[in-house]
Amino acid sequence: RKEVEQDPGPFNVPEGATVAFNCTYSNSASQSFFWYRQDCRKEPKLLMSVYSSGNEDGRFTAQLNRASQYISLLIRDSKLSDSATYLCVVNEGSNYKLTFGKGTLLTVNP
Amino acid sequence: IAGITQAPTSQILAAGRRMTLRCTQDMRHNAMYWYRQDLGLGLRLIHYSNTAGTTGKGEVPDGYSVSRANTDDFPLTLASAVPSQTSVYFCASRPGTGVNEQFFGPGTRLTVL
Chain A
1 RKEVEQDPGP FNVPEGATVA FNCTYSNSAS QSFFWYRQDC RKEPKLLMSV YSSGNEDGRF
61 TAQLNRASQY ISLLIRDSKL SDSATYLCVV NEGSNYKLTF GKGTLLTVNP
Chain B
1 IAGITQAPTS QILAAGRRMT LRCTQDMRHN AMYWYRQDLG LGLRLIHYSN TAGTTGKGEV
61 PDGYSVSRAN TDDFPLTLAS AVPSQTSVYF CASRPGTGVN EQFFGPGTRL TVL
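So the protein sequences, as listed, match chains A and B. Here the first sequence stands for residues 1 to 110, where the numbers follow our numbering. Here the second sequence stands for residues 1 to 113, where the numbers follow our numbering.
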């Protein structure tokens, strides 16, 4: 069983749209959660960490629900430059090893 | 500051050949990682090193070996390449205890024929 599951996508949205990505994880002992962004043929880069209280960075909002083992990412007012693959990432314990979801491809259209 | 560099950028390799992918970081990060990324499977951990002199196996270690002689370098070796090792390989590093973010290198595209 895959330990981190994401919406399969792809998502195609117009500029200015709001889009939400969801992710579930199987290990209840998981301690840290992240969203990474990966552009085509490039390396993954940290978009934001996800905290229990929820956190916001400009147009991006991340939320964590530990009881449901669920993580979300909301992008408001989508820009063309938001087009990328978004990876849900979980650190399952004190060993700091990360488990990646397969990613969700977002395309923002003009 | 270069961050993390990987070499080569891409490589086509005959099956059975030995190949070493190089990874160097200049951030003095303690931990380093090797991942492979395949379509439909996402990023999978091959080997890792929490500090110089130590290494550990990840999710898909078979056919690969690593060494960590110093803080900066973490080479990945394919002793006898097979076509199933065709993939994009990413090296990553993490500063140290208490910091979970990993920083990735630009990747190496490897094709084994």
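Please note that a few of the clues may not be correct.
[As the list claims (entries may be wrong)] Label-pair restraints from in silico Cβ distances:
hint: 1; chain 1: B; residue 1: 8; chain 2: A; residue 2: 110; range: 12 to 22 Å
hint: 2; chain 1: B; residue 1: 111; chain 2: A; residue 2: 40; range: 16 to 26 Å
hint: 3; chain 1: A; residue 1: 22; chain 2: B; residue 2: 83; range: 31 to 41 Å
hint: 4; chain 1: B; residue 1: 39; chain 2: A; residue 2: 46; range: 33 to 43 Å
It is worth saying that the hints were derived from the structure and are not from the lab. Glycine included, each C-beta is placed from N, C-alpha and C at the ideal position.
Hints, verified against the model:
For the pair residue 8/B and residue 110/A, the supplied restraint of 12 to 22 Å is violated, since their beta-carbon distance comes to about 37 Å. Here the CB-CB span from residue 111/B to residue 40/A is close to 18 Å, well matched to the stated 16 to 26 Å. The hint said 31 to 41 Å for the Cβ distance between residue 22/A and residue 83/B, and at roughly 35 Å that hint holds. Separation of residue 39/B from residue 46/A is about 23 Å and departs from the stated range, judged on CB atoms against 33 to 43 Å.
The structure shown violates the earlier hints numbered 1 and 4.
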